[in-house]
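Respectively, the protein sequence lines represent chains A and B. Number 3 in UniProt numbering belongs to position 3 of the first sequence; there are no gaps in the numbering. Number 16 in UniProt numbering belongs to position 16 of the second sequence; there are no gaps in the numbering.
Quick caveat, the hints were computed from the structure, so don't treat them as lab data. Glycine included, each C-beta is placed from N, C-alpha and C at the ideal position. Don't take every hint at face value.
Computed cross-link-like contacts, DSSO-like style, restricted to lysine-lysine with a CA-CA straight-line distance of at most 30 Å [as the list claims (entries may be wrong)]: (1) Lys81/B with Lys129/B; (2) Lys135/B with Lys56/B; (3) Lys84/B with Lys129/B; (4) Lys81/B with Lys76/A; (5) Lys135/B with Lys76/A; (6) Lys129/B with Lys56/B.
Chain A is nowhere near these chain B residues, computed Cβ spacing over 12 Å in every case [claimed, not checked]: (7) Val31; (8) Ile40; (9) Asp75; (10) Val79.
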Amino acid sequence: MTQPGETGAALDGNAMAGDLREIFAVDVTAARYMCAGCTHTDAVATLMVWAHSPGLVARCPHCSDVVLRVVRAPDKVYLDLRGSVRLEVPLEGS
Amino acid sequence: MGIISRGFGGRRRESVPGLPPGQYLTHDFPVLSAGPTPRIPLDRWRFTLTTETGDKTSWNWTEFQALPAEDVTVDIHCVTKWSKLGTTWRGVSLDTLLADVESEAEYTMVHSFGGYTTNVPMEDLLDGKAWVAYKFDGEDLEPEHGGPARLLIPHLYFWKSAKWVNGVQLMPQDEPGFWEAAGYHMYGDPWREQRYQGD
């Protein structure tokens, strides 16, 4: 298990809350991801995020594979989710 | 509002000779990274060219150091808008590495330790336009800047100059690499401001 800081990741998944809120109507940092590399599952907020980069790169804290990438262009946001098998989003009131 | 600024396409700076549109000058050397910095012992370093038919040519560190090297002074331009002029490097030209390789491929995928990839057309690697560099400013290239060796392809945005490079796959068709698949431009010419898809 790796922790942010040990590997150079300055931030955790909470750092993506603002960018992801513009794409989704829910707080995605509370959703659970499943890593496509190792099937580890946890809250998006626990991902290790590299932000000193041309985009945000969120890696699995268990295997360090890339789970999602966010790239902001002037007029759009790209979200690449190929490193995530699924997102499990809790429903309000449940 | 997110934690990073809205894109990199916005305001114009004053015109400086050698500075592509939308760029500003920096005198330090910012470190950008999409993951942990790999530490590659030189006895485990290897660089491999793989053709479209699967033929491989590779060099270990000792063999690579024995190849003819060139000293080059070039300007570098990062898509995050900083440019650094007159940087000095030492490395092996891709012309040297590809000299004896039989291939019809028009595209390549550059691979790095740590899993990073970036696509570059074959013609952009040839004719004195690209190097595998292992010294910067007269010193061994530090791991934070891509050491032991990185690609240096200064006529394209610097995300194409893959850190910790360990090979080039020759391909008949173009495919996106790490950043290109996530929204960045397939080619990345700083003089045409090819930052994002569609630019």
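Satisfaction of hint between Lys56/B and Lys129/B, Cα-Cα up to 30 Å: holds (23 Å)
Check on Val31/B being off the interface with chain A, judged by Cβ distance over 12 Å: Violated, since 7 Å does not exceed 12 Å.
Least C-beta distance from Asp75/B to chain A larger than 12 Å: With a cut-off of 12 Å, Asp75/B remains clear of chain A, as the shortest Cβ separation is near 19 Å.
Least C-beta distance between Ile40/B and chain A, which was stated to exceed 12 Å: holds (15 Å)
30 Å Cα cutoff - pair Lys135/B, Lys76/A: It is violated: about 38 Å lies between the C-alpha atoms, which goes past 30 Å.
Agreement of Lys81/B and Lys129/B with the hint, judged by alpha carbon distance not exceeding 30 Å: holds (21 Å)
Restraint status (C-alpha distance of Lys84/B to Lys129/B at most 30 Å): holds (17 Å)
Pairwise hint evaluation, Lys56/B against Lys135/B, where the allowed Cα distance is 30 Å at most: Judged against 30 Å, a Cα distance of about 26 Å means the pair holds.
Agreement of Lys81/B and Lys76/A with the hint, judged by alpha carbon distance not exceeding 30 Å: holds (18 Å)
Given as non-interface: Val79/B, which should sit over 12 Å from chain A by C-beta: Not fine: 5 Å to the nearest Cβ puts Val79/B too close to chain A.
Against the hints set out earlier in the document, violations occur for numbers 5, 7, 10.
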